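Chemist: Heads up: the protein sequence lines correspond to chains A and B, in order. If you're matching positions, the first sequence starts at 1 in UniProt numbering and goes up one per residue. If you're matching positions, the second sequence starts at 1 in UniProt numbering and goes up one per residue.
Hints were generated in silico from the structure; no laboratory data involved. Computed from a predicted model, the values in this text were never measured in an experiment. Incorrect hints may appear among the rest.
Since the list can't tell identical chains apart, any single copy or any two copies may satisfy a pair.
[Unchecked claim] Using 25 Å as the maximum straight-line C-alpha spacing, the simulated SDA-like pairs for lysine to any residue come out as follows:
1) Lys-281 x Tyr-136
2) Lys-51 x Met-356
3) Lys-51 x Val-347
4) Lys-100 x Val-243
5) Lys-100 x Pro-114
6) Lys-51 x Arg-131
7) Lys-100 x Ser-195
8) Lys-51 x Ser-335
9) Lys-51 x Arg-7
10) Lys-100 x Asp-349
11) Lys-371 x Ala-142
12) Lys-97 x Arg-200
13) Lys-283 x Ala-224
14) Lys-97 x Pro-346
15) Lys-281 x Asp-143
16) Lys-371 x Gly-361
17) Lys-360 x Arg-7
18) Lys-51 x Pro-310
19) Lys-360 x Gly-332
20) Lys-283 x Ala-271
21) Lys-97 x Leu-317
22) Lys-283 x Leu-50
23) Lys-51 x Glu-96
24) Lys-283 x Arg-131
25) Lys-100 x Ala-300
26) Lys-100 x Ser-118
27) Lys-281 x Ser-270
Now for the letters of each chain:
Protein chains: 2
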Amino acid sequence: MTEEERRAWAYLSRVAEPPNPRVAALAETLGPVDAAERIRRRALTDAPLLKATEARHEMDCAGNDLEILDRLGGRLIVEGDEEWPYLAFRSFAGVEKFSKPQAYAPLALWVVGPSSLSEVSERAAAIVGTRAATAYGEFATADLVAGLAERDVAIVSGGAYGIDGSAHRAALDCDGITVAVLACGLDVPYPSGHSALLHRVSRHGLLVSEYPPGMRPSRRQFLARNRLVAAVTCATVVVEAGVRSGAANTAAWARALGRNVCAVPGPITSASSVGCHVLIKNKAHLVTRAEEILELVGRAGELATDPPRPRSDLDDLTPDELAVYEALPGRGSRSIDEIAVVAGWPVADVLGPLTMLDIKGLVTQDNGEWKLLRHRATGSP
Amino acid sequence: MTEEERRAWAYLSRVAEPPNPRVAALAETLGPVDAAERIRRRALTDAPLLKATEARHEMDCAGNDLEILDRLGGRLIVEGDEEWPYLAFRSFAGVEKFSKPQAYAPLALWVVGPSSLSEVSERAAAIVGTRAATAYGEFATADLVAGLAERDVAIVSGGAYGIDGSAHRAALDCDGITVAVLACGLDVPYPSGHSALLHRVSRHGLLVSEYPPGMRPSRRQFLARNRLVAAVTCATVVVEAGVRSGAANTAAWARALGRNVCAVPGPITSASSVGCHVLIKNKAHLVTRAEEILELVGRAGELATDPPRPRSDLDDLTPDELAVYEALPGRGSRSIDEIAVVAGWPVADVLGPLTMLDIKGLVTQDNGEWKLLRHRATGSP
Numbered sequence: 001m002t003e004e005e006r007r008a009w010a011y012l013s014r015v016a017e018p019p020n021p022r023v024a025a026l027a028e029t030l031g032p033v034d035a036a037e038r039i040r041r042r043a044l045t046d047a048p049l050l051k052a053t054e055a056r057h058e059m060d061c062a063g064n065d066l067e068i069l070d071r072l073g074g075r076l077i078v079e080g081d082e083e084w085p086y087l088a089f090r091s092f093a094g095v096e097k098f099s100k101p102q103a104y105a106p107l108a109l110w111v112v113g114p115s116s117l118s119e120v121s122e123r124a125a126a127i128v129g130t131r132a133a134t135a136y137g138e139f140a141t142a143d144l145v146a147g148l149a150e151r152d153v154a155i156v157s158g159g160a161y162g163i164d165g166s167a168h169r170a171a172l173d174c175d176g177i178t179v180a181v182l183a184c185g186l187d188v189p190y191p192s193g194h195s196a197l198l199h200r201v202s203r204h205g206l207l208v209s210e211y212p213p214g215m216r217p218s219r220r221q222f223l224a225r226n227r228l229v230a231a232v233t234c235a236t237v238v239v240e241a242g243v244r245s246g247a248a249n250t251a252a253w254a255r256a257l258g259r260n261v262c263a264v265p266g267p268i269t270s271a272s273s274v275g276c277h278v279l280i281k282n283k284a285h286l287v288t289r290a291e292e293i294l295e296l297v298g299r300a301g302e303l304a305t306d307p308p309r310p311r312s313d314l315d316d317l318t319p320d321e322l323a324v325y326e327a328l329p330g331r332g333s334r335s336i337d338e339i340a341v342v343a344g345w346p347v348a349d350v351l352g353p354l355t356m357l358d359i360k361g362l363v364t365q366d367n368g369e370w371k372l373l374r375h376r377a378t379g380s381p
Numbered sequence: 001m002t003e004e005e006r007r008a009w010a011y012l013s014r015v016a017e018p019p020n021p022r023v024a025a026l027a028e029t030l031g032p033v034d035a036a037e038r039i040r041r042r043a044l045t046d047a048p049l050l051k052a053t054e055a056r057h058e059m060d061c062a063g064n065d066l067e068i069l070d071r072l073g074g075r076l077i078v079e080g081d082e083e084w085p086y087l088a089f090r091s092f093a094g095v096e097k098f099s100k101p102q103a104y105a106p107l108a109l110w111v112v113g114p115s116s117l118s119e120v121s122e123r124a125a126a127i128v129g130t131r132a133a134t135a136y137g138e139f140a141t142a143d144l145v146a147g148l149a150e151r152d153v154a155i156v157s158g159g160a161y162g163i164d165g166s167a168h169r170a171a172l173d174c175d176g177i178t179v180a181v182l183a184c185g186l187d188v189p190y191p192s193g194h195s196a197l198l199h200r201v202s203r204h205g206l207l208v209s210e211y212p213p214g215m216r217p218s219r220r221q222f223l224a225r226n227r228l229v230a231a232v233t234c235a236t237v238v239v240e241a242g243v244r245s246g247a248a249n250t251a252a253w254a255r256a257l258g259r260n261v262c263a264v265p266g267p268i269t270s271a272s273s274v275g276c277h278v279l280i281k282n283k284a285h286l287v288t289r290a291e292e293i294l295e296l297v298g299r300a301g302e303l304a305t306d307p308p309r310p311r312s313d314l315d316d317l318t319p320d321e322l323a324v325y326e327a328l329p330g331r332g333s334r335s336i337d338e339i340a341v342v343a344g345w346p347v348a349d350v351l352g353p354l355t356m357l358d359i360k361g362l363v364t365q366d367n368g369e370w371k372l373l374r375h376r377a378t379g380s381p
């Protein structure tokens, strides 16, 4: 990218509210420099494009913006760059624009950090949730993130308070890669309480924004940001979400983009789990362990193992052996005739299973009476 | 039912391990008195039936059993009795016997309590779960049961420690109807710590057993009991269950019988919710409120309302109004030109939404500058 092109992209990234498919089309047709020049000179025939760029076409702070970016040690990336997650963004082509009018790839991304966006997006999970996180939600986030990070899954989130912050923090805490996609300029410390956290993310992972420096966040920018969080990951995991939540919006983007939607269940008594339960009812994957998320974001064959199951000596008994075993008293002993009556079987049928139980070391014979060899754990199976 | 028939049913109910379809078929063909007589005299041509009744055919404690039943104030019910839940038990006909060899209606039921089994089973939910219930599980049980009981849904469970006990207790606590289906005789205080609770159930609801008095519970009886819990209800709700749990068995019966299977989510950190999460992954209904269960067990049209959603003044704004609203600063004011630049819109397009916001009382004009009328709640939507 020449310096002239870089300035043109910076100008285009601010001149219309992103994502704007008309600006993107013009830049693709004419190249960024000509496209920027035409917009600046109002040399356009496309009325909606004229309108979309009217308010800001005279603002040219591209030089300034790039200076700030350089000071941050960041870079401006566009389609064609090695770091551009081309495959991830191609999914926008398949989304019905009527239901998702913002469903376009970004024009350019302002990024800072040592990771490559295209590389991380190949093995990444979005971990998102409510700002009103509970201690449970924060613990669950840390637990899932640790499990994913140790399997080299990048953790993408929105840098917000609550679950987002816990996700970034947990990833950093175990030397994982984490990506914060912002709804404001890279230099805007939002939320202010996370300025140190976001700085750490920019040093060890990646800060990403569709907005030029100085841009403050707004509602529509949060919504546009959520689409990028979903787009650069293979699965969106909602850890906690109230009945109204931005996390549900990210999940909706993930679904629209053909990504996996996951939600973590929680207590039905917690307002911060209501949104997760609604998602699960609406066919989100219920996930409880990092392995289950890995199965969705990892390579084919990275399958979750079954959770450990407690084992009992009685598991390997045949139904007949179990019935005879159960016909023996917890304490004391019984004759074969008595066992037959309790089991409700002919005496002849009791002998075989009883012999097997003897071989397996579960029963013993004493003066023609049989008894259990270990204390019996009665109870509902 | 004559006294002779009653004694015959009592005999038949003990002579083979229930459910035994051959005993049932014989009783249907010959009537209970003849069937009992043939079995007692071994006047049978059916070899499996001979075998199934061999061990106990000489035990005739029917008189004794009925005396105990009378002392308890109970009754022995069979198909044809008004109280027999004929429709509920008919579902067994549709179950593949290969996968569920016990899938038969009971031959007779020993019951005690003021409720009618057929009546309660028309509007009943099974609330079951682990004996290792947590405080969360007990609270969730009490909350769901209270909501169901106040809508006249009978609560059916297994009388066990943990969730079962909480369910019965919660139903009694709000004067609801509760039914305990036992895996032992009605006179057997099992589990012993629930003898007072089961007594209360027998006074205000119903105790039900397929087993004659004196029968101690066993593993296979618990499994057979679970099928009845599922059968006499429209939905089985598992509140808490470990990775191995009898509740999962009841849920499997519910599914096999075409009943609704529900599970309550819980913290992913709780071993007592693992089974519930597995059930939900396997297509059980995730339920969080009594209303959602009512939708499954109630009459057509008893639909759950949506959970309450917090409302905001901004909910009713059009996207254009919201964009203009958001282009105003949190503090201070902006000219129309400035608003246009921030919103990224032509000035002409800003005026309409701004006027609407003024009418709605959200913004005000002061010396040609506009400002918000109430403090703006910025934040991720």
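Chemist: Checking an output row: Lys-360 and Gly-332, CA cutoff 25 Å. Within, between, both or neither?
Modeler: Within one copy only: 20 Å inside, 83 Å across.
Chemist: How would you classify Lys-97 and Pro-346 at a CA-CA limit of 25 Å: within, between, both, or neither?
Modeler: between (73 Å within a copy, 23 Å between copies)
Chemist: My question is about Lys-51 and Val-347: at a cut-off of 25 Å on alpha-carbon distance, are they close within one copy, between copies, both, or neither?
Modeler: Answer is between; shortest inter-copy Cα gap is 10 Å, intra-copy 94 Å.
Chemist: Is it within, between, both, or neither for Lys-371 and Gly-361, if the alpha carbons may be no more than 25 Å apart?
Modeler: The answer is within: 11 Å in one copy meets 25 Å, while 84 Å across copies does not.
Chemist: Can you give me the call for Lys-281 and Ser-270, within, between, both or neither, at a CA distance of at most 25 Å?
Modeler: both (17 Å within a copy, 21 Å between copies)
Chemist: Classify it for me, Lys-97 with Leu-317: is the Cα-Cα distance of at most 25 Å met within a copy, between copies, both or neither?
Modeler: between (60 Å within a copy, 21 Å between copies)
Chemist: Pop the pair Lys-360 and Arg-7 into one bin, within, between, both or neither, using alpha-carbon distances up to 25 Å.
Modeler: Neither, since 80 Å and 42 Å both go past 25 Å.
Chemist: How do Lys-283 and Arg-131 come out at 25 Å by Cα distance, when the copy is not named: within, between, both, or neither?
Modeler: within (24 Å within a copy, 30 Å between copies)
Chemist: Within a copy, between copies, both or neither: which one fits Lys-100 and Val-243 at a CA-CA cutoff of 25 Å?
Modeler: Answer is within; shortest intra-copy Cα gap is 21 Å, inter-copy 41 Å.
Chemist: Can you give me the call for Lys-100 and Ser-118, within, between, both or neither, at a CA distance of at most 25 Å?
Modeler: within (24 Å within a copy, 52 Å between copies)
Chemist: For the identical chains here, do Lys-100 and Pro-114 meet the 25 Å Cα criterion within one copy, between copies, both, or neither?
Modeler: neither (32 Å within a copy, 59 Å between copies)
Chemist: For the identical chains here, do Lys-51 and Glu-96 meet the 25 Å Cα criterion within one copy, between copies, both, or neither?
Modeler: within (24 Å within a copy, 68 Å between copies)
Hints 5, 6, 7, 11, 12, 17, 18, 22, 25 from the earlier list are contradicted by this structure; the remaining hints agree with it.
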